[in-house]
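All chains should be built: construct the whole structure from the sequences, respecting the hints.
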Amino acid sequence: DSGVTQTPKHLITATGQRVTLRCSPRSGDLSVYWYQQSLDQGLQFLIQYYNGEERAKGNILERFSAQQFPDLHSELNLSSLELGDSALYFCASSLEDHNTEAFFGQGTRLTVV
Amino acid sequence: AQKVTQAQTEISVVEKEDVTLDCVYETRDTTYYLFWYKQPPSGELVFLIRRNSFDEQNEISGRYSWNFQKSTSSFNFTITASQVVDSAVYFCALSEANGNNRLAFGKGNQVVVIP
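Protein chains in written order, with our numbering: chain R, 1 to 113; chain G, 1001 to 1115.
Misleading hints may appear alongside valid ones.
Unchecked claim - Once the Cα atoms are required to be at most 25 angstroms apart in a straight line, the calculated BS3-like pairs of lysine-lysine come out as: (1) LYS1107/G - LYS57/R; (2) LYS1070/G - LYS1003/G; (3) LYS1003/G - LYS57/R; (4) LYS1038/G - LYS1003/G; (5) LYS1038/G - LYS1070/G; (6) LYS9/R - LYS1107/G; (7) LYS1070/G - LYS1016/G; (8) LYS1107/G - LYS1003/G; (9) LYS1038/G - LYS9/R; (10) LYS1016/G - LYS1038/G; (11) LYS1107/G - LYS1038/G.
Hint data in this document are derived by calculation from the structure and do not stem from the laboratory.
So, in structure tokens, the structure goes:
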């Protein structure tokens, strides 16, 4: 158990809908990252937050947004969902925003039908 | 830009054989970090090891060993005396020191250990 908790584990929704994925980082970790794992794109970095502030953006679509709350948990919001958004979404956390290993949650498997 | 290449897609071995996974990386930074993660069939990503670019000392940890060669930009990983529980996808990853700890992953190696 990495100590990173993601909910829900599975999510099935229809195209055009909006969903929210939740992540609780390991105790004491200030940095949270979101990654998407799909068959065609592999594992891709989406976005990073550190102590409530956005630190880095990767290949995140404009339909997606995220935030980190004062208690350090994070949410990833996916809207106007398309079939191609079906993927495994991982949250990871690390103590700092650099030079430290990141620990991953179990992922949320999103299926868009 | 950072890039990680894992050429082999699926590797099958018979239990107790050794298996080596190749990883080649590209980066313009002089300071960077290399990682191996394991993704078992249950889906989670498990951290295995982290090495910084200044530490080329190879290491053995139980049945796992790593071979970091900066001259060839390679960070290979070996499982000795493989077991069925080693069946998983193994990912090599890179983060640059000025890259906010974001990881660039290779495509992964599916390791199948046959009993």
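To see whether the hints hold, each was checked on the structure:
no., hint, in the structure
1, LYS1107/G - LYS57/R, "holds (21 angstroms)"
2, LYS1070/G - LYS1003/G, "holds (15 angstroms)"
3, LYS1003/G - LYS57/R, "holds (17 angstroms)"
4, LYS1038/G - LYS1003/G, "holds (19 angstroms)"
5, LYS1038/G - LYS1070/G, "holds (23 angstroms)"
6, LYS9/R - LYS1107/G, "holds (23 angstroms)"
7, LYS1070/G - LYS1016/G, "violated (30 angstroms)"
8, LYS1107/G - LYS1003/G, "holds (11 angstroms)"
9, LYS1038/G - LYS9/R, "holds (19 angstroms)"
10, LYS1016/G - LYS1038/G, "holds (19 angstroms)"
11, LYS1107/G - LYS1038/G, "holds (12 angstroms)"
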